[in-house]
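> As a plain string of letters, each chain reads:
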Amino acid sequence: MITCLGDALFPRVGVAAVQVLRNLGVAVDFPAAQTCCGQPAYNAGHRDAARDTARAFLRAFARSDHVVSICGSCAAMVREGFPQLFEGAPEEAAAGSLAARTFEFSEFLVDVLGVDELPVSRRVTATFHHSCHTRRLLGVVEQPVRLVQMVDGLEYVPLANAQLCCGFGGTFAVKMPHISTAIVDEKVDHILETGADLVVGLDMSCLMNIEGRLRRRGHDVEVRHLAEVLAASWRA
Amino acid sequence: MSVASRQAFDARVERALGDEVLQKVIADGQDYMQALVAPARAEGEWAAALDEIARMRAHTLARLDHYVDQFATQVEEQGGHVFFAADAAEARRYVADLAQRQGAKLIVKSKSMVTEEIELNPALEAIGAQVVETDLGEFIVQLAHERSFHIVAPAIHKSLEQIRELFSKAAGRELEADANALTSYARGVLREKFFAADLGITGCNFGVAATGSVVLVTNEGNGRMTTTLPRTHVVVMGVERLVPTFQDLEAILKVLPRAGAGERITAYVTAITGPRRDDEADGPKDLHVVIVDNGRSRILGGKYEKILTCIRCGACLDVCPVYRKIGGHAYDAVYSGPIGAVLSPLLDGLDCHPELPFASSLCGACTEVCSARIPLAEYLRELREDSVESGSGRLPWRLGFQAFAVAAHSPRLWAAAEVVALPLLRLLSAGGAILNGRGPLAAWTRGREFPRPEKRSFRALWRRRRDWRGR
Amino acid sequence: MERRDFLSRLGSSISCDEPQQNTLVQSDLPEGQVLAARERVDLFICRLNELGVEARVVSSREDARDALERLVSERAWSGVACAPGLRWPGISEKWTAEAGEAPFGLCEADWAVAETGTIVVRSSAEVRRGYSLLPPAVGFFVPERCIFSTVGDVLDELAAGDPALPSCISFISGPSNTADIASVRVVGVHGPREVFAWVIAEAVDGAVDHGCMRHEAQDR
Numbered sequence: 000m001i002t003c004l005g006d007a008l009f010p011r012v013g014v015a016a017v018q019v020l021r022n023l024g025v026a027v028d029f030p031a032a033q034t035c036c037g038q039p040a041y042n043a044g045h046r047d048a049a050r051d052t053a054r055a056f057l058r059a060f061a062r063s064d065h066v067v068s069i070c071g072s073c074a075a076m077v078r079e080g081f082p083q084l085f086e087g088a089p090e091e092a093a094a095g096s097l098a099a100r101t102f103e104f105s106e107f108l109v110d111v112l113g114v115d116e117l118p119v120s121r122r123v124t125a126t127f128h129h130s131c132h133t134r135r136l137l138g139v140v141e142q143p144v145r146l147v148q149m150v151d152g153l154e155y156v157p158l159a160n161a162q163l164c165c166g167f168g169g170t171f172a173v174k175m176p177h178i179s180t181a182i183v184d185e186k187v188d189h190i191l192e193t194g195a196d197l198v199v200g201l202d203m204s205c206l207m208n209i210e211g212r213l214r215r216r217g218h219d220v221e222v223r224h225l226a227e228v229l230a231a232s233w234r235a
Numbered sequence: 000m001s002v003a004s005r006q007a008f009d010a011r012v013e014r015a016l017g018d019e020v021l022q023k024v025i026a027d028g029q030d031y032m033q034a035l036v037a038p039a040r041a042e043g044e045w046a047a048a049l050d051e052i053a054r055m056r057a058h059t060l061a062r063l064d065h066y067v068d069q070f071a072t073q074v075e076e077q078g079g080h081v082f083f084a085a086d087a088a089e090a091r092r093y094v095a096d097l098a099q100r101q102g103a104k105l106i107v108k109s110k111s112m113v114t115e116e117i118e119l120n121p122a123l124e125a126i127g128a129q130v131v132e133t134d135l136g137e138f139i140v141q142l143a144h145e146r147s148f149h150i151v152a153p154a155i156h157k158s159l160e161q162i163r164e165l166f167s168k169a170a171g172r173e174l175e176a177d178a179n180a181l182t183s184y185a186r187g188v189l190r191e192k193f194f195a196a197d198l199g200i201t202g203c204n205f206g207v208a209a210t211g212s213v214v215l216v217t218n219e220g221n222g223r224m225t226t227t228l229p230r231t232h233v234v235v236m237g238v239e240r241l242v243p244t245f246q247d248l249e250a251i252l253k254v255l256p257r258a259g260a261g262e263r264i265t266a267y268v269t270a271i272t273g274p275r276r277d278d279e280a281d282g283p284k285d286l287h288v289v290i291v292d293n294g295r296s297r298i299l300g301g302k303y304e305k306i307l308t309c310i311r312c313g314a315c316l317d318v319c320p321v322y323r324k325i326g327g328h329a330y331d332a333v334y335s336g337p338i339g340a341v342l343s344p345l346l347d348g349l350d351c352h353p354e355l356p357f358a359s360s361l362c363g364a365c366t367e368v369c370s371a372r373i374p375l376a377e378y379l380r381e382l383r384e385d386s387v388e389s390g391s392g393r394l395p396w397r398l399g400f401q402a403f404a405v406a407a408h409s410p411r412l413w414a415a416a417e418v419v420a421l422p423l424l425r426l427l428s429a430g431g432a433i434l435n436g437r438g439p440l441a442a443w444t445r446g447r448e449f450p451r452p453e454k455r456s457f458r459a460l461w462r463r464r465r466d467w468r469g470r
Numbered sequence: 000m001e002r003r004d005f006l007s008r009l010g011s012s013i014s015c016d017e018p019q020q021n022t023l024v025q026s027d028l029p030e031g032q033v034l035a036a037r038e039r040v041d042l043f044i045c046r047l048n049e050l051g052v053e054a055r056v057v058s059s060r061e062d063a064r065d066a067l068e069r070l071v072s073e074r075a076w077s078g079v080a081c082a083p084g085l086r087w088p089g090i091s092e093k094w095t096a097e098a099g100e101a102p103f104g105l106c107e108a109d110w111a112v113a114e115t116g117t118i119v120v121r122s123s124a125e126v127r128r129g130y131s132l133l134p135p136a137v138g139f140f141v142p143e144r145c146i147f148s149t150v151g152d153v154l155d156e157l158a159a160g161d162p163a164l165p166s167c168i169s170f171i172s173g174p175s176n177t178a179d180i181a182s183v184r185v186v187g188v189h190g191p192r193e194v195f196a197w198v199i200a201e202a203v204d205g206a207v208d209h210g211c212m213r214h215e216a217q218d219r
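These protein sequence lines map, in sequence, to chains Z, W and E. Numbering that gives the first Met the number 0 applies: residue 0 is where the first sequence begins, and numbers increase by one. Numbering that gives the first Met the number 0 applies: residue 0 is where the second sequence begins, and numbers increase by one. Numbering that gives the first Met the number 0 applies: residue 0 is where the third sequence begins, and numbers increase by one.
If you are wondering where the hints come from, they were derived from the structure by calculation, not from laboratory data. Worth double-checking, as some hints may not be accurate.
[To be verified] The list that follows gives simulated cross-link-like pairs (lysine-lysine, DSBU-like), each with its CA atoms no further than 35 Å apart:
| hint | chain 1 | residue 1 | chain 2 | residue 2 |
| --- | --- | --- | --- | --- |
| 1 | W | 168 | W | 23 |
| 2 | W | 168 | Z | 174 |
| 3 | W | 23 | Z | 174 |
| 4 | Z | 174 | W | 454 |
[Claimed, not checked] Label-pair distances were calculated between CB atoms; the ranges are:
| hint | chain 1 | residue 1 | chain 2 | residue 2 | range |
| --- | --- | --- | --- | --- | --- |
| 5 | W | 18 | E | 58 | 32 to 40 Å |
| 6 | W | 42 | E | 88 | 48 to 56 Å |
| 7 | Z | 151 | W | 465 | 51 to 59 Å |
Here the structure is a predicted model, which means the values were calculated and not measured. For each residue, glycine too, the CB sits at the ideal point set by N, CA and C.
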């Protein structure tokens, strides 16, 4: 699952994810009918548009064994949002079936593939941002940190107030920009406090928000999706 | 969302964001409370207690008419009076009439959010009574002519110096900038009031239906003073604040003091059953319980019903990233924080608080900590649906999402849109980022850089995947 | 609004398919710790200390009275407010002061909770609410037999409804306190600033015992 944001703005994350999965021996397909899971419309209260959007999404993955998402909140939309969105609708069963087959990227690596070591090296000080939906709706907390710590030469520094939102929140970021910016400012402060040169995350929406504020404040801390870090540092 | 309403909201938000001292106070307060409650939350028993609270409260709501009936009957059997207030106006009128009949000139009040909800104080002042808030936090905001800032700690936003100034002005002399000294001052002032008061008003943390008991959960002792010294005691309670029996308080008492104040139990849990008995020598001779609906029956039985199970612990305020930045006053409602963002539109109507459901990143921290397992974040999202359905969603957003849905159905249309949009965005960018964008982009770029897109979308790259470098 | 209309407005909102079941289904709450008598006392004292209560175990009511007399003399308190039934022969008349003016109030606990360091006092014709509330310092005689393990245990007693509920039952856990001023904890706001407790480690006299009589069955 590449997601609308991943497809349009962060294709390199998708490429990296595919590379990592292939390196781990997984046969990867990209059903081109996928576009968007409908989360932006759903969270903004536009239920009908969300359902319309999501219907196409359901069909796209009908024949996939496992659906691996490079975005935790999109995986959460499928697992937690779809049952609610399609309750009582003809697509209810299909939604349930897709939910059972959908995984977030780090969750897939650790829980399904059983990865406990990786041929990945990079000398860097890094911290990790736990996105809210990934943490609270998917319960994915340890898996990505374990993967980050598998990178040989990487010094991991945990983020203070890690449970705090980064302030993206979908349309919230543009509907309430004053509050959103204040929230991401604190996240940026905590990142800078770690002294890390790299921030790793699982959601490009959060990372886009964090990077945008870092750059506006004149900082060049690198911001990367976990897949990108792993793919780029994979030892041949 | 009217323009004027939105402007007023933005002004309140900006005022809070611009107040550096306030920002630090709120963040420190949240961090302190979270650290204080964390050990309790980690205990295995905690989850069981929350489940029990949710279960018991749901049971109570499902039979609320029966329990209200039982409660009222019991109160009356013990010699108390019960008044059923359909709305705020009825409740105000009853209490004001009672105060007037009894010639009450001085009224002491223990903390009660529902009395703020029904705007009781002005009604009592209008009949010539002096109303004194006796909970220290409420006493402070009363002196400052402000609204409560936090459900559990009304004056959390005030610094020591601000409070010193307030008290000094009231005292007519300079007081020390020391919490003990300031508390002593308040104790002295309020002790006089307690002894002189004609009437005492409290809320009710929980009413016990089986016995008609009114239970107050407090730390300061003002609840006990208010319910012991004046000759008349008036209880104002929301109709949903009932538990079936005393035993049902067990789970609540395990959670409320911890979630609300980080304590194993509060200094005082007081159960009042009727006025003083004929042979008793102290306590009020007269007890009146005012049971307030004010929109709660409308919520009962509906999709937001669980909001009525709230035990007013304040935990959601202590974890909300939005409250952390804007504080309680920006909500411009009696109830603030996540609980307020849901309850206020439900009680007052969405058109009174159009921004509140949207002033959230839906991070879910509130749902995670809620003592009664209320799906607060989900309710906020559903309130947005209500808002959109009522037609108040702005046209560009509706059209945008609908157009998006159309494109989403057709990968070819989607890909075509990318082929047009991506190069355009690249063109608009300068030096690697897009500044001063139009429409939705402007709201983003006011505070953040926007990433410069790649030449090709993922799906375009996928078609060329045989060319991908590396493994 | 009329009671009938108010209730029917509630009733019409409720969408409950089950038949009216008015008794609450048994709660699933895990059983609280059941402690032996000695453990209860130890835990109780420990919690009281945590709350800032000066707590001591004495082996008889006489010892408790002696301890109190010593304290009163140490502090040079001008009077003690307490229920007539608590007064004992030999204490001077000045010990029977009005609750509102006395520097110290004395009460007997009806129940207590080990887990939380709570002392429970019921109001009555003899026991004024003011005794444990108005003086700046208050003390409690706590017969060991009155100490239950958990708050839930005492709530069970209350629910049993015998004796009938008084107009006021106070669960008191430590001195009054607040952190409303700049989050600084201050002890002693509107209620007492100082709290003392003497746990009497023996069977109680008959006179003031109504709350504790049922506890004979408790120690197994």
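> Of the hints given before, which are not true for this structure?
Numbers 2, 5, 7 - these are the hints that the structure violates, sorted from lowest upward.
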